[in-house]
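Just need the whole structure built from these sequences, with the hints factored in.
Protein chains in written order, with my numbering: chain A, 1 to 498; chain B, 1 to 493; chain C, 1 to 145; chain D, 1 to 342.
Please note: incorrect hints may appear among the correct ones.
To be verified - Lysine-lysine pairs mimicking DSSO-like chemistry, simulated, CA-CA at most 27 Å apart:
(1) A:Lys369 <-> A:Lys307
(2) D:Lys90 <-> D:Lys80
(3) A:Lys307 <-> A:Lys488
(4) B:Lys60 <-> B:Lys330
(5) B:Lys168 <-> B:Lys363
(6) A:Lys369 <-> B:Lys29
(7) A:Lys208 <-> C:Lys8
(8) D:Lys24 <-> D:Lys82
(9) B:Lys168 <-> A:Lys369
(10) A:Lys442 <-> B:Lys168
(11) D:Lys90 <-> D:Lys24
(12) A:Lys102 <-> A:Lys369
(13) A:Lys369 <-> A:Lys488
(14) B:Lys362 <-> B:Lys168
(15) A:Lys442 <-> B:Lys29
Because the hints were derived from the structure by calculation, they are not lab data. Every value quoted in this text rests on a predicted model; they were computed, and no experiment measured them.
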Amino acid sequence: MINPEQYPILIVIVPFLSAFFLSITGCFKRSLCRPIALLALFGAAAAAVGSLHRVITTGIIHYRLGGWPPPFGIEYVIDHLNGLVLVVITLVALLAAIFSGKSVERELPGKEPLFYALFLLLVVGLLGMTITGDAFNLYVLLEISSLTAYALIAIGQDRAIHASFNYLIIGTIGASFYLLGVGHLYIMTGSLNMADLASILPQLYGSKAILTAFLLILIGVWTKMAFFPLHTWLPNSYTYAPTATSCLVAPLMTKVAVYIMIRMMFSVFTPAYVFHHLAMAPVVIWMAIAAIVGGSLLALSQRDFKKMLTYLIVAEVGYMVGGIWLANRLGITGAILHIVNDAFMTLCLFLAAGTIIHRTGGHHFDNLKGLFHQMPLTMTAFTIGALSMIGVPPTAGFFSKWYLILGSIQAGRYEFVAALLFSSLVNAVLFFRLLEISYFEKPPHQENTAHGPVSMVAEAPLTMLVPLLVSAITLIVLGIYSGELVTKIIQFAVPAGI
Amino acid sequence: MTDTVTSIIPLLAVLVSLAAVVPILLSRKRPNLREGWTFAAGLTKLGLVYAMVGPVLSGKVLTYRLVEVMPGISVAFRVDAMGLLFALVASILWLATTAYAIGYMRGLNEHSQTRFFSFFAVALSATIGVAFAANLFTLYLFYEMLSLATYPLVTHHQDQEARMSGRKYLTYILGTSIGLVLPAMIITYHLTGTLEFSPGGILAGHVSGPLLTMLILMFVLGFAKAAIMPMHGWLPAAMVAPTPVSALLHAVAVVKVGAFSIFRVMTGIFGTGFLLSQHQNQLIIILAAVTVITASLIALTQDGLKRRLAFSTIGQLSYIILGAALLSPKGMLGGLLHIAMHAFGKITLFFCAGAIFVATGKKNISEMAGIGRRMPITMIAFLIGAMSVIGLPPTGGFISKWYLVLGTLEADQPLMLAVLLGSSLLNAAYFMPVFYRAFFCPPEESGFADRFNEAPVWCVAPLVFSSLMSLGLFFYPQPFFNLARLAVQAFTG
Amino acid sequence: MLEFILAKYNYWIYILIMMIGLYAMLAKNNLIKKIIGMGIFQTAIIIFYVSAGAKRGGTIPIIEHAHGAEGNAVDVLHYINPLPHVLMLTAIVVSVGTLGVALALALRIYGRYNSLEEDEILDRIDQDETATETTGALPTTMIQS
Amino acid sequence: MIWQIDLLILTLIVICGFCTIVVKDLLGAAVIFGAYSFLMCLLWTEMGAVDVAFTEASVGAGVSTVLFFAAVHRTTRHVKMKPSGRLMGKTIGLAAAGLMGCVLLYATTDFPSWADPNSPASTHVSPRYITGTIPDTSVPNMVTSVLADYRGFDTMFETAVILTAGLAVLIILGQTGNRSPLPISRLPQGPITQGYDDTIIRFITRIMTPFLQLFALYVIAHGHHSPGGGFQGGVILGATFILMSISYDLRMVTNRFNERTNLLLANTGLLIYSGIGALCLILGANFLDYSALAKILPGTTTITARSEAMLGVEIGVALAVMAIVILIYNNLVSNGTYENGL
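Shown next, in the form of structure tokens:
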């Protein structure tokens, strides 16, 4: 019925239009908001899967918006890399949206229409950033996703407001740096289209302005992905955000930023420029090591499991950035695979954390006591997520770590190997500490039975449990089929010339 | 040459106990049905494993490739003589242990029995997976699965002591597998581009010198389940587990998986010829020998019966490693046989310790004076098990030790001969007093009435069975012996 | 010399303004000051872009006598580059959007901590933390009051 | 372009920027920031960026300043003189600013000189817009044609940014718990309270408002031929209502534009924009390919269809921008309560 030629635009436009439709509907009938949001995300996911399928079978898709040829108009380009990322974003968002129902009802009563409209706009921002082939269009969507994220974070606990303000300041600096970097590219080339830029830039590789442009874009993107030491905004924002927000934002925002970095490094600039012309790979890898070690150690010092998870995000960003800057096929394969795996890993862990918060009301370690007995399915899913984070086969986390380690051995970066192994071990300590508390300690005795039976924490409602279990199973499926994933998709996503 | 046959049986053998978890969980309200499922799975598994004995003995190798997870790396199974030997031991003893566990758990009225039986089944699945692994990756996969599945079993009591032991257990097992085996495996893959076990090894010609030594050390110490010193600390700690767990896992499945993995890596990854030509086995021999003697000495000082058995296990495991490290055909034959013989002997001893605990609540040797008069069947089985572990005829342990001793001579390692013999004496020194005091202590020191009062029949029957197996294997070792000989032929070509 | 200064003066100024803005965003204690800094920071980028679009001898980017004089070839040199203007319209709109959200956040912060000064806010957050620690209450305030 | 004026304005801008940061009174800072924006507006005009100048005047100098006033009104104009523990922040700020300045300065050495007609930016993509705007779209104002057609997709999201900001402000400031956030009307439709009874101001406002609104409509409609368009017109429309709310009372505006109306208008505006795009999709062309609309717009060619569609999207933009500007102002000035304003 729908022309497959139009899939690319549908990925973005279906949730985009639905956001406004939802917002209008919400003025009259609030209960319709959630179904509309789910339907929209389902449509986007279907279009994304369809596009990825087309990319695999027929090759890269170009889509001219407004019918204008690039570089005069804006162009959507879907190749293996962003086709995959699009599928990940839509699926994660769909799961997060299914999950969020009960927690939004509880934590944000009466704000459902606004919440879901912003939720969809955030997803649109992420999708648009991923799919676009235009450097400036990316900035606009970056701002959409950022503004929605500020708002969705700010409505959490008390501390979230200040955290969100800090995020806004730092995030604006990051986005502005990106914009300025694109401006430098524009002033030197006159173009904004990525492919066009890529064809013009090689003649200008000696230019100082181009070098500055690259640095500005890199720093801007690093800020957005919370790359150590620019990570300071992340832990508080993600910790105090409402459950439903953190389940969407935590798995996706940093990953999309990593994707943008890959896109900029390899599709606007070339591997030759990034790795050979600039001698900064060792520096970046050491920064990645600092991110991994620093993130792990900071996670170790937390007594709040949600905050602990946010520091692990910081560490995981180090994995991906380091992997890309290893500058070999294996490292980049590992980093791209890790984008996929980490999105689902983080989703699984945050959904589990969200379920626990929903049932116990807090995110301190003490809230975990006795949960293995009371919420066995939730804790099983949490354990699978934890194993993936540690890197135990056959969960997905093992395989990306495998490629990363192999890549760093091939590149001769043994310090990065050491950092990866160190982080695995720290993760093992971190998660087994949590599992121990929930397995061994008795649940706190609850007394206030005057208001009704609050004595036992029970398993979460189905709308929360199903997405959680799906994400956990996905981790294992992704692990088992990671070979397929690499040979069918990711190996084509690694830029030629590496 | 052996001919390779694709067969789904290995996969089924691995999966059958994993699949059993579902009915076990579903029938959690009805214990009899639940244990029925466990038995059914155990019998099926034994049947499947036994069905492969014939083909393997006739020189076939059964393989099954499940899925390729990374270029050149698959989850794949390959049943050869060595793996089948181990799988056979594990699946026979699973049945025995299931029976025993029913008696033990019900006798003590333990909590969370469903969880117990579920994870037990998972652990068995992982053990068979290790036995049939066709490559290092598959082996690692099931090795980790075993580590994690046994954690809830070790910490079954969920008290402070269990918590500390569980922590120690995971620190050793998971720490070494992530910190040592994983990088070693990746380096191997980096060097060779494959992880498939092959009879001649895959590393030959790819590595030498210090890196080789480092790889060997990473593998040998990394498979901490083999409890080579200094990686042995978890094993005595894990004795807080219920006795069926200690019996099957910490006498058979888990520890043997460690020893088996080292054996596999040395023969299938490094290759015996390559190791011999590089003279790299001496280091392992020394590590193993030190472990053998030290563990035996420590065992002498232990009063807790299970702790003494634990240290004895540490020592005996290093026999297997030693057998492998000798790299002589007879030594390796002895090592492989010891996997089986020690398993039957040691499980008997653990069953006995558990039976004593169920019947009397006693854990320490010093409290067991005169117990022989109350539990004669148990203590006679104990004697047979002890003899097998010491290596006295007419028990199976004699055969494996015999070949180990021959192996030391064949490999021209007289010092190791002394170690083996000395260790046997030490074994006798820490086992015989238990038996002696049980039967021959003066009546006034005995803490027990002369009344005959054994543990429940579900406890006693398995230990009688396993002790009879120990005896029987002396007279009829052929199934295991043939498999082991076939395996050694494969290594040495 | 004048040539050289003229050639780069716009760019130097934008850098100067951008530095002022960045400093204010990072170093100022008052939240509104930070937000003003943000505004300055963003306008600096607009200067940059618009300067990039300037064209000596060009006029505003609206075609003169567009209709009725068909066939007249449009001289590219006659009109300045419209693209940066379009981009900067977007940037201005984005900056006002960000400004609105930032001010809303500042209002909420003021409502909660009764201060716009970062140091005082941090102090009060610390007090809240220690209060929950000492009373032993679990941080169960998921539902905002 | 007169470079002397350029130099003068730039210098003034730096001075204003510096003062805004230094001055110790927030209301003062907001006023100076308004002046700063106005100087910017002059600068853009001077550089020929009339559309940007128009937007800056309405958005930067106008609405932003009012928003600052609103926020300061709701908080405090007082700035702490000697804040504690800022040494760290100051060091980081100085270091970051210094480092950034050096890097950017380093880059300028390779820039083409200012206003060079042969710079890449003037020769690569933009000539197509200059020469193509009439043949492609028949819109003389090439800023409009680029904005609404060549890069119309950007503009759609730009409008979405504004809407997002509105929703964000609403969700941040809207109070939860005891009250639902989207009531039919957020306040009793009471009589207009007598706040500042300044007859002159009210009188002038009353006279000016219709003219201002007419002008705004002109700006929207005539954006094809002169500076202006949906954004500028929308902001001016919104500003007239802000003016009313300042000179009369907040309720004067909320009685006409309650939250629900605003949301409906804003979302409708965006639906108009994206709906026109989607219509192209349904008609078999790519998204936002207005030429497809010639099939259903009577009396148009594929080229003039573009021009007409652009007017449609500009109207959508104007609706959304107007509603959101009012929404943001209302919420900021009343701290989300809609009870009383400036």
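Against the structure, the hints come out as follows:
Distance hint between Lys369 (chain A) and Lys307 (chain A) is fulfilled; the C-alpha atoms sit about 17 Å from each other, no more than 27 Å. Annotation: proposed proximity of Lys90 (chain D) to Lys80 (chain D) holds, straight-line Cα distance about 15 Å (limit 27 Å). Taking the CA atoms of Lys307 (chain A) and Lys488 (chain A), the gap is near 36 Å; set against the 27 Å cutoff, the hint is violated. Of the pairs offered as hints, the one joining Lys60 (chain B) and Lys330 (chain B) holds, with about 23 Å between alpha carbons and a cut-off of 27 Å not exceeded.
As the CA atoms of Lys168 (chain B) and Lys363 (chain B) are separated by approximately 22 Å, the hinted pair is consistent with the 27 Å bound. At most 27 Å may separate the alpha-carbon atoms for a hinted pair to count; Lys369 (chain A) and Lys29 (chain B) meet this at roughly 25 Å. At roughly 15 Å between alpha-carbon atoms, Lys208 (chain A) and Lys8 (chain C) fall within 27 Å of each other, so this suggested pair holds. Between Lys24 (chain D) and Lys82 (chain D) the alpha-carbon distance is near 11 Å, which keeps this suggested pair within the 27 Å criterion.
For the hint linking Lys168 (chain B) to Lys369 (chain A), the alpha-carbon distance of about 21 Å falls within 27 Å, and the restraint holds. Between Lys442 (chain A) and Lys168 (chain B) the CA atoms are separated by roughly 21 Å; this keeps the pair inside 27 Å, and the hint holds. Simply put, Lys90 (chain D) and Lys24 (chain D) have alpha-carbon atoms about 17 Å apart, close enough for the 27 Å limit, and the pair holds. Between Lys102 (chain A) and Lys369 (chain A), the direct Cα distance comes to roughly 23 Å. Compliance with the 27 Å bound is thereby established for this hinted pair.
A threshold of 27 Å between alpha carbons decides the hint, and for Lys369 (chain A) with Lys488 (chain A) the separation of about 44 Å lies outside it, so the pair is violated. Taking the CA atoms of Lys362 (chain B) and Lys168 (chain B), the gap is about 25 Å. The hint holds against a cut of 27 Å. At most 27 Å may separate the alpha-carbon atoms for a hinted pair to count; Lys442 (chain A) and Lys29 (chain B) meet this at roughly 23 Å.
Of the hints listed earlier, those the structure fails to meet are numbers 3, 13, in rising order.
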